[in-house]
Amino acid sequence: MGIYTTLHKVISSLGGLLLILYQLSKINQNDMILTNLKKYMLDTPYVEFSNFILLSFSYLLLNIFGSTKNKIATNLKGLLGCFLSTYAFMLFMQQLYICYGYYVSEIPITKENLYLCIYLVVYFVAMCAESCSNMSSKKKYLMGTGKTINVEV
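All residue numbers for the sequence shown refer to our numbering, where the first residue is 1 and numbers rise by one.
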């Protein structure tokens, strides 16, 4: 395994956990004071967070416990990766819109939103590379078919 493959696996596995922790910290920080209401409405993701938690934990468990020789688990990881990369892209577009709104209103962009945008781009690219690797037909061809073992008693 190359360094980039390992890096994509680590980022795609642990990246979901970091996004979950970030979203949970946002739930605790947001109170419904009128000044924070606009920021809360902008920070609410388009995709429901509970769906992302289920997808992310499923992907993490398949990445940790799934065998690379099991074609069903590999295809399922690729499919879950497609959903997670779509979620990351939607969240990235939302954060980019928030940063653009801060830029237009001449408010200094908060570092948190800018760092989250950069992190989401890295996570999106890692998830796309990992999904492409899991769903590629070349990898399936190189893995070959299993051989039977005859046991004579």
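Just so you know, these hints were derived from the structure itself, not from any lab. We put the beta carbon where it would ideally sit given N, CA and C, even for glycine. Some clues are possibly wrong.
With a Cα cut of at most 30 Å, we get these calculated DSS-like pairs of lysine-lysine [what the hints assert, rightly or not]:
| # | residue 1 | residue 2 |
| --- | --- | --- |
| 1 | Lys111 | Lys9 |
| 2 | Lys111 | Lys69 |
| 3 | Lys111 | Lys71 |
Pairwise CB distance ranges, derived in the manner of DEER restraints [said to hold, decoys possible]:
| # | residue 1 | residue 2 | range |
| --- | --- | --- | --- |
| 4 | Ser67 | Gly101 | 41 to 51 Å |
| 5 | Cys82 | Tyr4 | 11 to 21 Å |
| 6 | Leu14 | Gly101 | 35 to 45 Å |
| 7 | Cys82 | Leu7 | 30 to 40 Å |
Against the structure, the hints come out as follows:
1. Lys111 <-> Lys9: 27 Å, holds
2. Lys111 <-> Lys69: Violated: Lys111 and Lys69 sit about 42 Å apart, past 30 Å.
3. Lys111 <-> Lys71: 42 Å, violated
4. Ser67 <-> Gly101: 41 to 51 Å: Given about 46 Å between the Cβ atoms, the range holds.
5. Cys82 <-> Tyr4: 11 to 21 Å: Holds - the Cβ-Cβ distance for Cys82 and Tyr4, about 20 Å, lies within 11 to 21 Å.
6. Leu14 <-> Gly101: 35 to 45 Å: Cβ of Leu14 to Cβ of Gly101: about 30 Å, so the range 35 to 45 Å is violated.
7. Cys82 <-> Leu7: 30 to 40 Å: 20 Å, violated
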